[in-house]
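S.K.: If you're matching them up, the sequences are chains A and B in order.
Going by full-length UniProt numbering, the letters in the first sequence line up with residues 1 to 475, in that order.
Going by full-length UniProt numbering, the letters in the second sequence line up with residues 1 to 245, in that order.
Derived from the structure by calculation, the hints contain no laboratory data.
C-beta: ideal position from N, C-alpha, C; glycine also.
Take these hints with a grain of salt, some might be off.
[Claimed, not checked] In silico DSS-like pairs for lysine-lysine, Cα to Cα no more than 25 Å straight-line:
| id | chain 1 | residue 1 | chain 2 | residue 2 |
| --- | --- | --- | --- | --- |
| 1 | B | K226 | A | K228 |
| 2 | A | K468 | B | K208 |
| 3 | B | K43 | A | K237 |
| 4 | A | K464 | B | K205 |
| 5 | B | K43 | A | K468 |
| 6 | A | K228 | A | K191 |
| 7 | B | K43 | A | K294 |
| 8 | A | K468 | B | K205 |
| 9 | B | K43 | A | K226 |
[Stated by the list, open to error] Here are some chain A residues the structure puts well away from chain B; computed CB gaps all over 12 Å:
| id | residue |
| --- | --- |
| 10 | P47 |
| 11 | T52 |
| 12 | K109 |
| 13 | Y258 |
| 14 | E428 |
[What the hints assert, rightly or not] Here are a few chain A residues that face chain B, going by a calculated C-beta distance under 10 Å:
| id | residue |
| --- | --- |
| 15 | A234 |
| 16 | S245 |
| 17 | G257 |
| 18 | L439 |
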Amino acid sequence: MVANQEQEVDTASPAATAVDPMRLASRWRSPEEWNEVAKELEAEPAPSELNTVNSSGLFAVVSTDKMSVRYLGTNHHGHDVGVVQADRPAPTHRAVYYFEMRVKNAGEKGQTSIGFTCEGFKMRRQPGWESNSCGYHGDDGYLYRGHGKGESFGPKFTSGDIIGAGINYVSQEFFFTKNGSPVGGFPKDIKGPLYPTIAVHSQDEEVTVNFGKEQFCFDIEDYILKEKMRQQSASDKLYLQPDISHWVVRSYLLHYGYQDTLNSFDMASETDPPANHQNGFGEPPEMYGISHRKILRQLIMSGDIDSTFKRLGEWYPQVIKDEKSVICFLLHSQRFIEYIRAEECEDAVKYARANLASFLTHKAFDGAHGNFWPFRFSMPFEIVALLAYDKPAETCIGYLLDSPQREFVADAVNATVLSTNPNMKDPESCLYSCLEKLLRQLTVCSFERRAFNNDQGDTFLLHKEMQKCERSRRS
Amino acid sequence: MFLSRIVLRDLDSIDSPTSMASSKKMVTRDVWERKLRDVKIRKEDMNRLVMNFLVTEGYVDAADKFRVESGTQPDIDLATITDRMEVKRAVQSGNVQEAIEKINDLNPTILDTNPQLYFHLQQQKLIELIRAGKINEALEFAQEELAPRGEENQAFLEEIEKTVALLVFEDVKNCPYGELLDVSQRLKTASEVNAAILTSQSHEKDPKLPSLLKMLIWTQNQLDEKAAYPRINNFSTAALEDPSI
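Only chain B is shown next, with the shape it has when bound in the complex (with noise of 0.2 Å):
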């Protein structure tokens, strides 16, 4: 009832003429903020968007906290945000065999299924090994583990060499592959097997904000296309700027 309203108001300012030379319609600032007004956003579900952003990031004490001042219900059972956050920090923190063990613990379909995940959980426990300069383990597990996946696969076969090509630099830092001993390597493996373990849990593997703040960009350049309107460029003030003339 009310928000068939609005729709019918867009309408109404967009056939209505404007001033404008240019072939773009013009919305002032006031009509646009009475739209704004009359949106209705239902505080529940703004408070459901922020729970499921605490609880896919990971933020397990402030998402329970959020419960009980928010009232509002997780999406997903707290515990599994604190295993989840456990294997993640043990693959930040160099600890591969842990995380691997971790995950079995946490559901043994995760990385039976999910060969190219398994792949390169080994492939930066190599990477670890070559970082703890343990060179002969390193060796010995390149060949022994991670060869005979090269065999099956040609993607993981050019991974295999370039990780293994560290060995041959005294000084990584000479090596063209020596961002695999990147902290950023690490975050990479972290978040492919996060996603991994929330869809395991039919989670969506990201949070809906950031994907919405996109929307809304996109949406801001797809009216651009046709209205001069207020936009909101700065989204951490949310302030309206008026429309270029």
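Isolated chain A, as found in the complex (with noise of 0.2 Å):
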């Protein structure tokens, strides 16, 4: 039904069919593409210095550096004190934020302090003395939030001393430390954006503040790791239906014909106990083609293309009858991409000529067309650019030339492949494995959840989570 479904569609609009292969071109990228997407998405503006134009210039001088602060003059009272906030923020995309100040000269008095406050802070008051704030102050080594009136908090702290404050954002905490040990924490019961902010309020008092350019004296990573540990071992706890990880994993291979995989996996399983996989589960995963399948995958990762076209004509001609389609659109453009690979320009240029030119004035391949184009050009285009450059594999379309290009049509082929199974009721069951469809889920569910927690805190991202993996192996 499907496949028959296919051939009926309109063509010109790739994105109609049921089976849509371009959407797998998010995988289309290099590695490093890769690693500045996730990145970006960790790229939320931090506190990098001090805001000298937001300060209580009377009292205090903020240095050249925007680093440190000295407190100029001497004190009178409660309300001249110097105030300095960060430039930005505290970030609330992560588990934890956290800074440093050093406590270079105590002064007169030794009434430095660090802390919170909000945006609109009065600039005149230490930080946990007015409502939405928080502030450690070093005089008494007491806790203020909102209120003149401290509570009994921790030691107190002068010259030479490195406090540290932090926003906790699992656990809803703010917490501070002093020399590198925890001092303590307590709830936050304050919304919106939190400045770090210190504070200098009497004669010659001076401090220098650290956003993290430098290490920090308190091993923050050691407390990220504890924090994620502490979430984890409550989801540890939680009860997964046995074998399922097992079952996950044998889709995955049956998808995407991993069939040598397969029968591996499946013969360690007959002898080895962990393996009765058969019972409470759904329907076994599909086997539809997949020597097929197997085969053809194995084409285009050696790059042999023409062999892939001579095989899908043998065993599934439905899926290259239309010329125009987007498979054969991928599968003419890798051709094209394999000569250039081979360094056999003229070839690239005929084959294009004959089989790529109609794409490039086809509507539905006009980048503006898709929804899933990641792009900067249309497709054709940037393919086709590839001719321009002598050394095209160092250029910034170079990851055309790389083995993840190569898969990708391989797994296009495959979702198409398997879109012409008569028995094939659920289209995305097509493009994607069932491990690939509980992935998207818990990264919607966790992205989900944290716009509820105003925003707050880390979420999933698999990229981030085998970066991660493989960062600690090698430490």
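Starting from the two chains in their separate frames, assemble the complex, guided by the hints.
M.R.: In structure tokens, the structure reads:
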């Protein structure tokens, strides 16, 4: 059914087909680009220096590097505090935010302090003395949160001490540290953006901040790790169907036609105990065309597109019947790319003229059309642009020559072949394995959850997770 | 660039008014499916996740085939899996002495730095002697090898007492500690050995996939408190189920 539908639909619109292999194109990126994407998501502006515009200039002076503040003159009352906020509020898209200050000089009275304040905070008051702020004060070691009366909290601090202040978005707590040791935490009951804030309040007092450019005195990485482990141990206690992981892996191998792996996996499962996987789960995943799909993948991964066309013509002629279909375009593009890879430019040009030119003028492929177009220009142009370079591998479109590109085409062919299965009920299942559906659900759920949590906290991204794995092994 | 767009769109949908009388926000299937489509997942990362499972669970042949078929590099030398699985299998089939020797061949510091693991292996050895009906040998082993270890550690002593109690019962089925003779005890010891070897190879002792699946259960439960949305309840089909109103 699905297969027939695919032939009947108006192929001028690739997105309209039941199974649009272009939806897999988001994978069509180089590893570097992927790292960028992950980084960009993280790249929430964070405080980097002190705000010199919105500071109580009468009582304190900020150093020219905007990292230190010193009290001017002598203090007389509670409204001549030298308060300075960071240039930006603390970022929220993470598990924990943290910064430190070093008391360079405790001055006459040692009334330096550190904490967080809201936007529009009164710049002549100590953090913690006014509502929507909190602060840890050096002269008494008290914690102030929202009014002038403090509460017993930790040790006093003075010249030479390094004091840290943090927000734990997971547990929704503020916490302070002194010289690398935790002092204590308390519930975060302030909403809205919070600025890292420091204050000096008597003659000669001087403090220097560290927003993370220098190594922190407190082991914040370890703190975050422990926080995450606490969260994980909560989820590890949950019940998981026995052998579901085994099932998910098996269906992944089936989906992509990794048949040799599948056979070894099944063989080992028969002899090893934890593999009674047949009961309790849904229908077994699709075996449909697995041997064919395996061979097609091998051919594409080895760059043999001519044979791929030939085999498809024998086994699944309906897939390549329409010369203007997305799948034909992808295969022709790949053939062209293989000529470039082999540095056979003349053949590449000949092939492009015969097989790609028509796509360049085809409305369906003009970049602006698709929702899933991750390209700066329309794709056909980008591919043909490979010809323009002497060393295309070193250019911004060099990723087209890499094996992830072959894999994308192989996955697209795999999805299209799966869609010819008359028993396939759910077109989504042609594109996504069970594993991928679960990972997508996890990603969306974690982003939604953060949105409900005042946009605070960490989120799940598989790429980040796998990078973390690798990093922890290297260290 | 694309991912950050997801975040913004997520916020939109939450701010938008809902028709629900309850305090929970309603996310329709359409909206949810669009969000699912917009997620960017890299094939290579999924391959690595699968490879991590095969390697950690000890599917050495499958891991090797998967390396060829998917082009994914295993995060550990595959030869070490074979060794690890041999040790595991030795424990599972009751050949504890063989397992101990193999562990020492692999890395002599594993048992030196894991007194508890070493004790559990010796305890397993005693259990196997009792199972085989080698009463004299079992007694001798208990007195010479195990008893001194009980002196150094109270928890060990209790374990020894339980194990030796097996000898008193002619019909071990009636023994209150009969479960020590169960296959599950072998599996427990075997998985302890497995974890210790992986740790010694600076590899995580558990595969990543099950903990991600648990994370999905946890995150869905958390989100339930705030929103009604299409859930996945059956992980083997990964089918979305419409939110109950």
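S.K.: Which hint numbers doesn't this structure obey?
M.R.: Going through the list in order, the structure violates hints 3, 9, 13, 14 and respects the others.
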